Structures are given as structure tokens and as C-alpha cells.
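Below, each chain spelled out in residue letters.
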Amino acid sequence: MNSDVSIVLLSLQIAGLAMALVIPIGIATAWLLARKRFRGKFLLEAATTLPLALPPVLVGFVLLWATGGNSWPGRAVNSLFGVDIVFTWVAAAIAAAVVAFPLSVRAFTSAIAGVDSRLEVAARGLGAGPLRVFFTITLPLAIRGILAGVLLGFVRAFSEFGATIVIAGNIPGRTQTVPSAIFTRISTGDDSAVWRLAAVSVVIAVIALGAHNYLLRRSDGEAGKASS
Amino acid sequence: MTHNLLRENGSKTGSAKTILEFDVTVNRPEFSLHAAGSFGSGITAVFGPSGAGKSTLLGAIAGSVKPSKGHISLFGRTLVSTSEGVTLPPERRRVGFVYQDATLFPHMTVEKNIAYGHRLTPKDQRRLDPSDLAELLAISGLLQRRPSELSGGEKQRVALARTLATSPELLLLDEPMSALDIRLRGIVLGYLKLIHRELAMPMVYVSHSISEVLAIADEAMVLEQGRVKTFGTARRLLNQVSTAEGDAGDLTVDNILEGQIVESHTSGEPGKVRIGRAELTAPTGHREFGEKVVVAIGSQEIIVATERPVGISARNVLAGTVASLDGDGPRRMVAVDCGAELMAEVTASAINELDIQPGKDVYLVIKSSSITVMDAFRD
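Just so you know, the sequences run in chain order V and L. Residue -8 is where the first sequence starts when you use this note's numbering, and the numbers rise one by one after that. Residue 15 is where the second sequence starts when you use this note's numbering, and the numbers rise one by one after that.
Among the hints, a few may not be true.
[What the hints assert, rightly or not] In silico DSS-like links for lysine-lysine, alpha-carbon gap of 27 Å or less: (1) L/Lys31 to V/Lys27; (2) L/Lys137 to L/Lys126; (3) L/Lys83 to L/Lys207; (4) L/Lys286 to L/Lys31; (5) L/Lys80 to V/Lys32; (6) L/Lys207 to L/Lys80; (7) V/Lys27 to L/Lys80; (8) L/Lys31 to L/Lys126; (9) L/Lys306 to L/Lys243.
Bear in mind the hints are in silico, worked out from the structure with no lab data behind them. Since the structure is predicted, the reported quantities are computational estimates derived from the model, not experimental observations.
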């Protein structure tokens, strides 16, 4: 039982760090996709959706190749902190972030696109620069959709298995998450232990998705339309 | 209540003085605008059908549209000069913009909406105080409300206050009435004139409604297909447009007449207004006896009858003579002299059936509620 609690806590910690990475990068990406026209936009669109379409195991392999001891990011981290990130909980968080990113960005993009851009134009006309417009107009009006995207990304990050096991392994107490612990217990035939973790997974997913649906339903009516 | 709204550097009045000069070309694949002019410190209307380039010209002045060539200066300050390579960003032009729809920020109270631009205005440029503006525009009681709790006219007044709180040197209005019904238009027009008078605020007013232009503007520039067709006093514009046959397009042509209040009730009941030799029962509001007004009646609001109607709820039945018949489509303009000349829009089939022709005696039926009474052109 004790180990179950620590497995759940580690999973929450990994999903939390993953979302801390997804939120700023994802919102910036979504803003570009929703509000800007630029050359190569379709490439950015494809790149943000790709992890959704590929097998997570392959994503893990690509990440391993990109962050391993022989790659330049891997070497840079090693020389800065003196550690390899591969097979650490941070690596698990990176894997979870990459897999959760497309889901969150999709939700962020539609939330930002739903804000009436004339309000942003009006704010510019009142003397606000682009960053101020974003933080005082766009973000507050898109906040429900963005929170919904965060919840969706969080449950995806929490359930991540394929990419995680490749880049972070399944080391009890260090990188063993709820899904990888379930995998281990299935292999060893410990069914009752599987059901305990399964219950936790279901509870977290139901709470997060329920909140997600509630937020989207609430934002439907008042998605930052100009009050004319 | 409106004293002291202007601090010293705000009194840039002087009627004939040119404050805005421009000569701009905007080239787009499907459209080009070339317009030059100099606007005074009064209210200048930019008038023309949809697609004439009115909003593009306003955008060039405000900074949302980049001219391909030309210059714009405001109070001698260069806003744009393509030959000198100068293009000021919108936020440094000190030009205020009020849009067709109020575009109020829905997540902020009225008070925060008004404060938004005021806080971003450098302290030494602030000469209009938000609470004074709220009082002037009669929205002080609405400050804690959300935009969704306001009526159309209130929204537009809040939008006006929000823009004025940035202390602009010039106010641009892009069809600010188009989302309002005719009764609210009169009220908002009254506020615009009040703002202009109290704050000495020069305005450029884009509209495709002649009645609005006449009610508010001193001068008017008529744009057509991206070119300046005429520029002169607003009165001259009326004559030109109303005499041009079938040229009205989507322009709103109303009966615009100067008149005087001859009866009014403090209770707010309809009073009487005299136009020429005709007297009309009309909503005179709280205007006083003898006050000069402008009366607008839509030509579609007037019914033509060949016999005096009896037992009718409409308050105005005027006897007159048909002066002329205009137009050759299914809808014709009948000009009737009934002590004042009024234009009524009538279908071609009704003209045939009633045998309407110049010289014929007719009666005009007008509901008092279809008459709009506005303040006189200017003091």
C-alpha cells in the first residue's frame, strides 16, 4: 500500500512537471497558430500534431536519441549538471510533456481563436502593446478553454506509458509511474494490486475530464465575444 | 457639471483652423484609395456608400492601415510621411477610435473598461478624467456593471468614454450608430455634440446616413470608389445627394428639415414642432418652447392618401399637393408640398392605382413615433 501511494505521488509529480513545460510553450505555439500568418505555418501545425499520430514508443526512441549521452542536448545537460537525464523522473516528465503537448495545444488554439480579435484591436488602439493585450485581453477571455486544455494534457501525461518506458525505464521508486507499475503487476500476475492502481487512474481521469467538460460547457456561451 | 474638463493645453479650438492634413494613397490588390484633404477642428463627416474607402481612410489616420504613399499630420505633428520614412505606431498617434460595435471588454466592469486606456496614457498627456467623462456621458451609475448588462446606447457611451479617457487629440468614429435603433441614435448624437462642445474635441465621423451627417457634421467629404467626390459644408452635400436621381444606392435618404418647438410637455408626452408652415406632433422630449431643432422622417415612414383618413391613430395628417415624382423603379419618391416639402416613398403600383401626379391634392399620414427630433445643426 505504501508503495502505491509513492507511485501515485511520483506520477503526479511527473505529470505536473510535464504540464509546467507544456503550458508556456503550448500557449505560445497556440497563439502563433490562432493569430499569426507566416510562411511555414503548416509545418508548425504538422509538428505539433505529430506526436499524437506516432506510436508513443517511437516518440520515446526519438527522445532517447535526442537526449542520450551522445547527443548534444544530452552532453550539454551532463556538462551543466553532471548527470544524465535519461532514466530519471525528469526524462519521464519530458516524455509525458511531448505526448501531452498536441492535445493541450489543440485546446489552447481553439480557446484563443474563440476570442474576438476586434477586442485585441481595440485594446491596441487604447495604447496597449502586444504583450499587454495578450495578458489583459486574450488570456483572461480564453482562460476556460486553456484550463480545459491543461486538464486534458494532464490526464494524458499521467497515463503516459510507451515513450516513458523507453526514455525513463521502469525503476521502482525512481521512474516507476502508475502505468508502468500496472504493466509490472500484470506481468507478475498480481491482479489485486493492478486493480488498486486502476481505481486511482479512473478516479483521476474522471475528475479531470469532468472538470474539463464543465469548463468547455461554461465557455461556450461567452467565449469572449465583443458585447455589441 | 462639465466645467474644468479641459486643462490648459486642451483648448485647441478655433473653428477654421486646420488640424488634420492628409494626402494618402492606399493600394490593395482589389481596391485603391486616393484621398487628400484638410479637416478643421469641428466635426467632419466622411460619407459614401459601402466600399467607398471610408473605413480605409480612417484606418490610415488611426494607424491600422499602412498607406503606400503620402503623408498625414495632426496639429502639425507628422503621423505618416512615406517620403521621410515616418510611420508612427497607432498607440503614439493620440488618435481615438470608436467602432461600429462598442467592442467593450466583456470580462471587465464598465469602470475597468474606461480605466484601461487611461492608465496607459502618459501622465503628462492625461487631460480628461474618467469620472468626469462618466458624468458627462451619464454612465456614472453603470460603473460596476458588466458590458453584457448594458443597453446598446449605454455600450456606445461607455465605448466613447473609454476612448476619450486616453485624451486623444482627434476622435475617429466609424459608423458608431449602425448598431443602434433610430431613437438611440438621436440620443448618442446628442452626446457626441456635447463632447465636441465641452471638450473641444475634433471628430471625424464616418457614416452612410445623410441624416446623421446633417445632424452632426459641419463639413463632409464624400468618397466614392476610393476617390474624393466632393468636400464642403454638410448642407451642400444634402443638396447634391438628394438631387441626384437614383444615385442613392445604399445611402439612407431621409427628410431632414429644420424646425422649431412650438409645444412641449414636461411630462415627456409628444409636443409639436413647426417645419415651414406645417406643424407636426412629434416626440419633442424635454426640449423647450422656441428651441430650434432638426427633424428627420424616413421617406418610407410616410403614407400617401388621396382622401383625408378618419378614425386613425397616426397623430399627423397633413394636406398637401404633389410637387414632383421621381425615380423609375418599382419604388418612387413623391415630393409633397404641405407647408414644408416632404419626400414619401411609394410603390409604382400605388402611384398608378391612386393616380398620383404633380398637382394632385393628397394627405400625408405620419405616426409621431416615426419622427426623430434632434438638436439643431450648430450654435
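The hints, checked one at a time:
no.	hint	verdict
1	L/Lys31 to V/Lys27	42 Å, violated
2	L/Lys137 to L/Lys126	18 Å, holds
3	L/Lys83 to L/Lys207	34 Å, violated
4	L/Lys286 to L/Lys31	38 Å, violated
5	L/Lys80 to V/Lys32	24 Å, holds
6	L/Lys207 to L/Lys80	30 Å, violated
7	V/Lys27 to L/Lys80	18 Å, holds
8	L/Lys31 to L/Lys126	35 Å, violated
9	L/Lys306 to L/Lys243	31 Å, violated
When held up to the earlier numbered hints, the structure conflicts with 1, 3, 4, 6, 8, 9 and fits the remainder.
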